[in-house]
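I would like the entire structure built from these sequences, with the hints used as guidance.
Protein chains in written order, with the numbering used here: chain A, 971 to 1321; chain B, 545 to 1159.
If you are wondering where the hints come from, they were derived from the structure by calculation, not from laboratory data. One or more of the hints may lead you astray.
Unchecked claim - Derived list of chain B stretches under chain A, where covered just means 3 residues or more per stretch with a C-beta under 8 Å from a C-beta of chain A:
#, stretch
1, 797 to 804
2, 835 to 841
3, 947 to 953
4, 977 to 988
5, 1024 to 1033
For clarity, every value in this text was computed on a predicted model and none was experimentally measured. For glycine and all other residues, C-beta sits at the position ideal for the given N, C-alpha and C.
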Amino acid sequence: MTYLTKPKLHHPTLQKNKVGYTRRDYEGKISTLCAGCGHDSISASIIQACWELDIQPHRVAKLSGIGCSSKTPDYFLGSSHGFNSVHGRMPSVLTGANLANRELIYLGVSGDGDSASIGIGQFAHIMRRGVNLTYILENNGVYGLTKGQFSATADAGSKSKRGVINRDAPVDTVSLALQLGATYVARSFSGDKKQLVPLIKGAIAHQGAAFIDIVSPCVAFNNHEGSTKSYDYVREHNESVNRLDFWPTREAINVDYQEGAVIDVPQHDGSVLRLRKTHPEYDPLDRVKALNYIAEHQAKGELVTGLLYIHPEADDLHAHLNTVDTPFNKLGVKDLCPGAGALEKLNASLR
Amino acid sequence: MSTKRIESINDFVVKFANVNGSGSASANELFARAILRMGVPVSPRNIFPSNIQGLPSWYEVRVTEKGWLGRRGGVDLMVAMNPQTWNQDLAEIEPGGYLFYDSTRPLPQSKFRDDINVLGMPLTDICNATYDDSRQRQLFKNIIYVGALAALLDIDAGAIAELIGEQYKGKEKLLKPNLNAMQMGLDYALAHLKCPIGLRVKKSNAVGKKIFMEGNSAAALGAVYGGATVCAWYPITPSSSVAEAFERYCKRLRVDPVTGKNKFAIVQAEDELASVGMVTGAGWNGARAFTATSGPGISLMSEFIGLAYFAEIPVTIIDVQRGGPSTGMPTRTQQSDILSAAYASHGDTKHVLLFPEDPKECFELTAQALDLADRLQTPVFVMTDLDIGMNTRLCEPLEWDDARIYDRGKVMSAEELQAGKDFGRYLDVDGDGIAYRTYPGTHPTRGAYFTRGTTKDRYARYSEAGPDYVDNMQRLLKKFETAKTLVPKPVLSAAQHPARFGVIYFGSTSPAMAEALDALAAQGIYVNALRVRAFPFQDEIADFVAAHSKVFVVEQNRDAQLKTLLVNEAHINPASLISVLHYDGTPITARFIVREIAAVTAALNVRPLHKPKAA
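Structural data, given as structure tokens:
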């Protein structure tokens, strides 16, 4: 990491997106994480994805729990409101925020301790409720901020930096999200920006619960030989099922056939996801097959990455609750208060 | 042998002993409402187990011309419908009182008392002869005894018929058999029992415009009127009916007539941590949100309550208190969450508490809590309890002023930000300790900030510097001082004559206290009374204590929690306070308060005797 503050001066030739922002406008404060931390690469991918999507930064709300990963929302989208909440409880805060204003884009950022250990309950319930969000799990299998304890995603048999072997079975958050009804489920690797950026863009465009598990090696406590979340291990065992391209709404789609099967998945908002399948047998529209595929490859020690499942017609919690289109935080006394006349009728019915 | 008979018109207690889940609840309420329709106030109470079917439950109706709505204690007429509890029910009847029971199976003489009046009616025989279906036999038995009680107590059968008519309007199939059952009971009693007994209901006009409502429904309606759009909750007795009533009222009052869409969102969360988390998220994002819970829920929510206090987020919590600690007495009443709510969370925290006395105040203070939470940007608790929440209580009609607007507190707009107004999320610009906030998404380049539970400076920048921490904590204290000027003031009831003694009380103790003050005055004991309605405490409370030689503090908990808070926070000398504590799970009675206060005043008035000489 560096303490040198980057100058806020923008070079005049910096490329602007359709809403007039340069990539620099999506940056946040200087990271205070360790140099080489996978989480910083994820922040860079979030910045890239938001810039490419032409999102106005202030229309994003970033929410997180507690831990190294949960600090990162301070390091991207500096013009967005952020909320560093309670350990393992980001999902409930985000659910409430989403109910209050359905018009913003919600990014939930969490870690493996935050989501799979202390927060597994809230993680499960936000998925099953179908809250419209992008849930990013920065997964390093270790508690960084408290210096190296195992988290619930650490593989059985993996060795900590101090030489302790983990005996507990790991939580596979991707399979869990699939079982619980998430409608966009992906896995990637912090070091694979080419795969990650389109996955994040697809997740943001998705109008339902989108979950991305991102393996993100911890350089301080979990990047040694024997760790299954190290850079080397992931590079060797990464099985990518597909490559994703993303076309936002209103943009002409250039058909560009290449090797392998290609499928287009139109999204609710009109945007299109194009999957280039590197594994032709993989079907991301089938939840059950996806679960089996992940399990089979996991048994072989392979980490399946890519877009694992998508339900293109997904809806969200607001649809389930049949809420009005106007954000709740814009409704006033005229919209909400039934008034004295209605109260008099209620009084009369209580005599 | 002639047994003494209690003779009383419009002033007695009837208690129904039933089996939970037997359908008695609606019949018993019909009984209470019929008396109300005759213009005579009643105060009913459910005494129920933590159970759905099979365990004993009771319904106690106090008939009270004078309008004393507290629990009286003692029973004048026992309607004993549960063989399981026969012995204890029998023992509760006042000498000269009455026992009404199902005489189908003969009971040995030893099962009765000779100082009460026994009224037997073969209810099971009558039902078996009339109905084939076992469920019908069960349900109509309840209506039959209501009919019989109408004859015995001289209750207007027309009032009962009118209520049955309202209940089954449009359901003719149910209307007729219910009316028949009621008439059957009435006719049997008139023909076979000496009617009326010494207890009688006489038409009056003591009810007036009053309404009959549960506190939980009233609190829910207060949330509707107060503009809450998000309700996140987790089921827990005795608070669940708040969320359920909110849903019922919203479906009636908050659906957009054009689109059919809801101007509300109700989420049954996975636990109390999630429910208060959702309320916190919604409050942060500018919607009015609340949760309803009870003591165990407050324990679970405490970490979030600390975050909302420190990050300054509006949160409204309705705490319907029950008997604690742990699972405690989940279906009994107490005022025992005062300290855990006032200081909820680790670290130095203090929270605003409001204490409603009845359903009307549940309505008013819930609506006000939503305003206060926004104005003060902090958690606000409405501290009600099972006695207010889950019993139908007679109270003044609810009122709303259509000119009232919601106080959304200090929220900086996009226009103000655009005009260059200085925005510091934790910057006190006008000395009241409250800073401006912005809703997420307000302005493209200004007003965004990072909300966190860690220390920050006045501009919401992360800081681990001691002076920043202290500066912030001092401002939070100043904000709490501001809260004093906004919360409802205590209510004074001055005695008719100058009084040496004072009494402080709050919440559901109110009706028992009103009656106790009256009874004490009749004994020549004059006491000034102050009903505390909120924490932080205003100066009036300390002044009240200073103006009396001793002040009783009446509470429904073991540890004198309000007294502790008064000593801690209003700097009152504990030597000037005397606790009167009732905490067995039943609502406090006037009889209890009178006995406790009279005993102390008698002891304090006695002049010490000269030391007797050594023998």
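A quick look at each hint next to the structure:
| no. | hint | in the structure |
| --- | --- | --- |
| 1 | 797 to 804 | holds (count 5) |
| 2 | 835 to 841 | violated (count 0) |
| 3 | 947 to 953 | holds (count 3) |
| 4 | 977 to 988 | holds (count 7) |
| 5 | 1024 to 1033 | violated (count 0) |
When held up to the earlier numbered hints, the structure conflicts with 2 and 5 and fits the remainder.
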